[in-house]
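Starting from the known structure of chain A, fit chain B onto it as the hints suggest.
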Amino acid sequence: MNETQKTTAAFGVIALLLLIIGFAQSWNVALGILNLCLISAVMALGVNMQWGYAGLLNVGVMGFAALGGLAAVLVSQAPVAEAWRGNAGGLLLAAMCFAATVFAGIFTYRRVPVGRTRTLALAAVIIAGLFVTRFFLDPTIASIESVNPAKTGFLGGMGLPIIFSWLIGGFVAAGIAWCIGKVALGLRADYLAIATLGISEIIIAVLKNEDWLSRGVKNVTGLSRPVPYELDLQSSAWFVDLMRWWHADALAALADGARSEALKQFAIDGSSIFVKLCYTGLFASVLAIILWLSVRALNSPWGRMMRAIRDNEIAAGAMGKNVTRRHLEIFVLGSAVIGVAGAMLTTLDGQFTPTSYQPLRFTFLIWVMVIVGGSGNNAGSVLGGFLIWLVWIQAEPVGVWLMEFSTGWLAEDNALRLHLIDNAQHMRLLFMGLVLLLVLRFSPGGILPEVVRKRS
Amino acid sequence: MEVLGDITSAVVLLLNFIVVPGLSYGSQLALGALGITLVFGILRFANFAHGDTMAFGTMIVILVTWWLQAQGINLGPLPTALLALPAGILLTVVLLVVTDRLVYRHYRRQKSAPVTFMIASIGVMFVTNGVVRFVIGPNDQRFLDGERFILRARDFKASTGLAEGLSIKVSQGLTIVIAVLLVAALFWFLQKTRTGKAMRAYSDNEDLALLSGVDPDRVVLVTWTIAAILATIAGTLYGLDKSFKPFTYLQLLLPMFAAAIVGGIGNPIGAILGGYVIAFSEVMVTYAYKKVFIYLLPQGLEPEGLVQLLSTDYKFAVSFVILVLVLLVRPTGLLRGKVL
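Protein sequences, first through last, are from chains A and B.
For the first sequence, the working numbering begins at 1 and goes up steadily by one.
For the second sequence, the working numbering begins at 457 and goes up steadily by one.
None of the hints are false.
In silico DSSO-like links for lysine-lysine, alpha-carbon gap of 30 Å or less:
id: 1; chain 1: B; residue 1: LYS746; chain 2: A; residue 2: LYS208
id: 2; chain 1: A; residue 1: LYS218; chain 2: B; residue 2: LYS771
id: 3; chain 1: B; residue 1: LYS701; chain 2: A; residue 2: LYS218
id: 4; chain 1: A; residue 1: LYS264; chain 2: A; residue 2: LYS276
id: 5; chain 1: B; residue 1: LYS701; chain 2: B; residue 2: LYS771
id: 6; chain 1: B; residue 1: LYS747; chain 2: B; residue 2: LYS625
id: 7; chain 1: A; residue 1: LYS218; chain 2: B; residue 2: LYS746
id: 8; chain 1: B; residue 1: LYS747; chain 2: A; residue 2: LYS208
id: 9; chain 1: B; residue 1: LYS625; chain 2: B; residue 2: LYS701
id: 10; chain 1: B; residue 1: LYS698; chain 2: A; residue 2: LYS218
id: 11; chain 1: B; residue 1: LYS701; chain 2: A; residue 2: LYS208
id: 12; chain 1: B; residue 1: LYS698; chain 2: B; residue 2: LYS625
id: 13; chain 1: A; residue 1: LYS321; chain 2: A; residue 2: LYS182
id: 14; chain 1: A; residue 1: LYS208; chain 2: B; residue 2: LYS698
id: 15; chain 1: B; residue 1: LYS567; chain 2: A; residue 2: LYS321
id: 16; chain 1: B; residue 1: LYS771; chain 2: A; residue 2: LYS208
id: 17; chain 1: B; residue 1: LYS771; chain 2: A; residue 2: LYS182
id: 18; chain 1: A; residue 1: LYS208; chain 2: A; residue 2: LYS151
Just so you know, these hints were derived from the structure itself, not from any lab.
So that you can see chain A by itself, here it is in the shape it has in the complex (with noise of 0.2 Å):
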């Protein structure tokens, strides 16, 4: 098989397992895996791009996702005006300072010489930039978050919709990935993945904490969406119309009285059913756009000299490729799509939940896609995350089903069978360990591996 059949050939699997979950479970849960798988394939190319292009190993993917969510909430939320009044001042003091003493960090770091008076002269802009932006941060957050704590207490958005939020997700966590990527990508392999772990978990103290900015444990519900509501369609002429045209066969085999009462229930299934379809939209241009540049960028000139820096550091420096600025670039463009996915997913749970950010689901899963799926191939980082997501999403029915297949031999009620079948939804992050271990043994390139084209 030569490459694209592969391609067509996996991705067609996919369709099928789709479609017969469709047919099998329902249509609206099978939509709501592919937008999930949707979301992910965005976050595993964006990550693709950071290991498979560049080999840079970022294990931060969890803080990224959430700086998009965070974008989401400050772009769609209506700004809360009695937050911002009397407090504006003092948030621009204390951003003052805080520039400030990153200046005044930065300008001791380049000119006293290094040595223990430069360490110390840092330390002590540190500390007193912190306590003045301290000085004046601190009642100007408790002022902000007096402000209606139960229903707001922060400051708010911008009341734009939420799909601006899509690119601003991505430009905020370019933002921080840039200074991120300023600081630690010097680091081997190995510190960075640590480093940027750490980082990820600060990102998300931060979030938890900061009630001013983010709301923090309270959480931000009922985020507006791009798309229709269910009961405004449900309420909507044209709607009803086309659920009577499209379920015209089924309406004409009901006697008179039924019909009013069945045409509802159809209406109430489908607009559940269009408002995915309608993100499904969305989320697939998102995809195809982010793919289409990816698959150019990683075949242009400056895709293979990002392969060449990634294969040998040191022969690219030797060539005149500047390794450093490079990294930071990739590493920039890699934590955006990360954050737009992130931006995405908020959107479509319509919360902002800083605590239901964990690095097994948000960090090492969207790495096990990766991996699987094929580092250094879009389309396979595309691939594993469809996949993935499947199976991280079907393991626990199917876990289910087998606990219940394989101790049907015991009693009902017996404690060992309860116990496997409560616990079964717990098997798959066994059996996505597994799934790694495996293909990163037998098939270390993953499903779909890096095509290396040779100079004809």
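Chain B in isolation, oriented as in the chain A frame:
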């Protein structure tokens, strides 16, 4: 006289809320970090599965403890879990050795890059985590029994007549004692025995060690065994002190990495030092010093706020900040570990 009393009270306050918790948490971290540092020094990769190895060992200990309790066996004032430790260690050794055979040995023979090992260890992390959650569930488990306190705050107050009490939990005392004994044994082993010397030689220069007839398989086996012992004991002590929850153990991975790197990865003394540095900074940065100042400062000068540098929620973040700082300023760690 009153001034002296105030100063003593302030000291007792700091002992109670900073020194004792810092020492016990630091010992738990140090034992965990020792395991990470040994695996790093000898197998040369950052083992992401170490936190879950700890959870696995602790889980076995808990299960055996429950069984012992059901049999009516206990240790009197000491927690029954101590009796269950050997079983937990044994099964954890089996787990690690089997994992090594099935997973890591292949990559060792292929001479794969450390990154490949690391990704494989993420796979192992998933599997172990899944097993633990599958067997014992994701919830909190408490398995502490026997006496709860060595020294109760109330008794301390009554016997010294001070306003502040000092309490030491059995789990805290046990942690410190066991950590000291274990570390002493480990250093004796590494410095004095033939196998220990072989391990240090292998860690220092693999080729030269092989040339001198060091058996690499044996070194690897012993390393995993020691890692299992340390992980199980550290996990059990942490579980006795706080409580057991699989997710918490995954989270412990980061402070342990931080401890190992801050001290200088690959360097056992560094791991211990790092453990205490991380633990004390976490406790000290998030403690509210208000009461201490009330005792120390003259009346009328008491601070208004809590005098807390960072809120308690940032406890974990503190260790990462230190980690990142050390990585940037002095990547070899405080005690010059292996240069990566």
